[in-house]
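Residue numbers (this note's numbering), protein chains in the order written: chain A, 1 to 454; chain B, 455 to 681.
Treat the hints as calculated values from the structure; they're not laboratory data.
Treat each hint with caution, since some may be false.
[What the hints assert, rightly or not] Below, computed lysine-lysine pairings styled on DSSO-like, alpha-carbon distance capped at 30 Å: (1) Lys288/A with Lys653/B; (2) Lys653/B with Lys367/A; (3) Lys97/A with Lys80/A; (4) Lys367/A with Lys494/B.
Note that the structure is a prediction, hence the values are computed from the model and not measured.
Listed below are the residues making up each chain.
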Amino acid sequence: MAQAMFSMRSIELFRTSGFRLALVFLLVFGAAAGALFLFVDWQMQSFLDQRSDEWLTREMQSLQSLSEDAVLSRLAVRSKDPTNAERPFSLFDRSGKLIAGVSLSYPDHAVFDAPFDFADRSAARRDHYRGLLRHRADGTAILVAQSLHEQREFRERLENATLFASLITAVFGLAGAIAVGVGAVRRLDAMSDAAAQIVKGDLKQRLPTGRAGGDIDRLANVVNEMLDEIERLMQEVKGVCDNIAHDMRTPLTRLLASLERARRRATSIDEYHSYVDEALDEIRGILKTFGALLRISEVEDGLRRSGFVDIDVKAIARDAVDFFEPAADESGVALAYHSSNNEPAIISGDPSLIFEAIANLIDNAIKFTPREGRAVVEVEGNGHVVTVTVEDTGIGIRAEDADAVLRRFYRAEKSRHAPGNGLGLSLVSAIARLHGMRLEITTPDIGTRVRLAT
Amino acid sequence: MSKILVVEDDPGTASEIEAALVDHGCTVTQAPDGRDGLVKAVSGTFDAIVLDRMLPGTLDGLGLLAALRAAAVQTPVLILSALSAVDERVRGLKAGGDDYLTKPFEALELTARLDVLMRRRTVASQETVLRVGDLEINLLTHTASRAGNVIDLLPREYQLLEYLVRHSGQIVTRTMMFEEVWHYRYGEATNVIDVHISKLRKKLDLPGLVPMIRTLRGSGYVLDAIN
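Next up, chain A with everything else stripped away, as it sits in the complex (with noise of 0.2 Å):
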């Protein structure tokens, strides 16, 4: 059981990537040094291969220039003096029987006036040298030779380093691997049971981050900051159901109260008329307030887009500030249209909907601008760009209510008792949305300003 749980572990452990790369790692930097070590070992050899054969040729030269009792003196000097063991002198006659100097066997596969390596097979010592042999004039040959023995202990050394630095390398280098696996796997359980939890229903929940902020910290983040928007958006849909619910109580509430008194209280038909159409007055108000928002979703899905038509937006908002100049008379507040040109400013889209966003605002600034007040629609169009602002002299918005007025039945303090839904707003933001436009809302020192802009 522990052991098929380790060897699945183990499993994991490989598949991870930071475990794999690790090893594909440690695989290219295991071949680049192996290359590295071959070519300077190659480099060395022939270094130490030129060297000797250099001193060869120049030892050669200076023994050729003597004479026979001169070579003969100088072989037996050399030979007498231990410090010139790794480079013995001998003088061979034709059937290569040694005549003077350090007893060398005659090498066996003599090469003549070429540097070649050989085996010394006399039983004292059977040590490989490097030697350069030549004729001489009264037929028999010379031998200078150089022992290889320290070039090969050198190099047996550097082959030994070399192989325990790779051991000691790949040891490590797995043990790294293992390490980044296992932290890596380490991570991935953290987020899957992060994850797990989630699923589970647990929207507090968010992925572990480190503190390294490396790649994996950054997804996690991301997912993370989706998390966020996802928990947002769930309590904006729990957050309409509940102003739904609380919405629709109230006229119902009131609906039913008013059914009640005309059972209890009306005496006449016209009384009973008059209790009715209260009543279908406050179903009317509720019906409504679910048409609007029926419409903010019918909007919001986009389906209208393939209604869309080019349409001059100036023409539509002078179309509303036309329609609402009499309701704005009444209320007392100047209603005014605004342009610097009359050139049309068009865009694709649906013309009733560009109406009623426009009509929406203006029906908002009327609303909250007191007696004495001004509104102003100004539409500009340049290119592309087309905006259209809405100004007014009115109560205004609070700046840290700007974003919250767009959301479904959200009411400002301020405008809690005017009469409306809470809707008008939201609907306006979503046919923005349907038309590519944003909408900003600001607060100038007086009023509010509300602008699309394309």
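Given chain A's structure and the hints, the job is docking chain B onto it.
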């Protein structure tokens, strides 16, 4: 008494419509699907047809309408639909519908629109002056006068008055007026329309003259000369 054919598959909606139309003084024939509707529409003589856009079976509302117009039956058709998008409306009207009403609707909206559709055929179009009592409007010069006094009207006020005069004695709803005069679709227009009407009233009802525009509870107005 007007004869109306109602092609509607949902029994609840169908009986609501029938009740509203019967109360309005019409006789109603029902058809629950497109085939039945088409057979009755072609064979019977109806003053108007109320047609549901979505019908079960092979023949839906627009298909029935196309077949009807192809058979040269010119009975006015009011299309009912749950689809409110502008292009749906345009498609409905292009297929030969005379008016388009989005569900849910109020009974008054339905009967007022049907009245207008049925009357439309009888109004002669050559006239240049329309009169209702002592009110007179000139369709060419876009001017109006009451009992000989010229009434100074803004263009929109004239259009509103002309619409009311053309349908004098009939109920017109605020929505109908808004669509006719402003050519947009806007559900919240009703309160603002009231202000336009009251302005028009002030100009129309000169001192000493009988008021001509009556408000109906709910959502409509009637222009007529009672005296």
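To see whether the hints hold, each was checked on the structure:
Proposed proximity of Lys288/A and Lys653/B is supported: the alpha carbons are some 26 Å apart, at most 30 Å. Note on Lys653/B and Lys367/A: the hinted pairing holds, with a Cα-Cα distance of about 19 Å set against a maximum of 30 Å. A C-alpha spacing of about 19 Å is found between Lys97/A and Lys80/A, which places the hinted pair at or below 30 Å, so the restraint holds. Of the supplied pair hints, the one linking Lys367/A and Lys494/B is violated, its CA atoms being roughly 51 Å apart against a limit of 30 Å.
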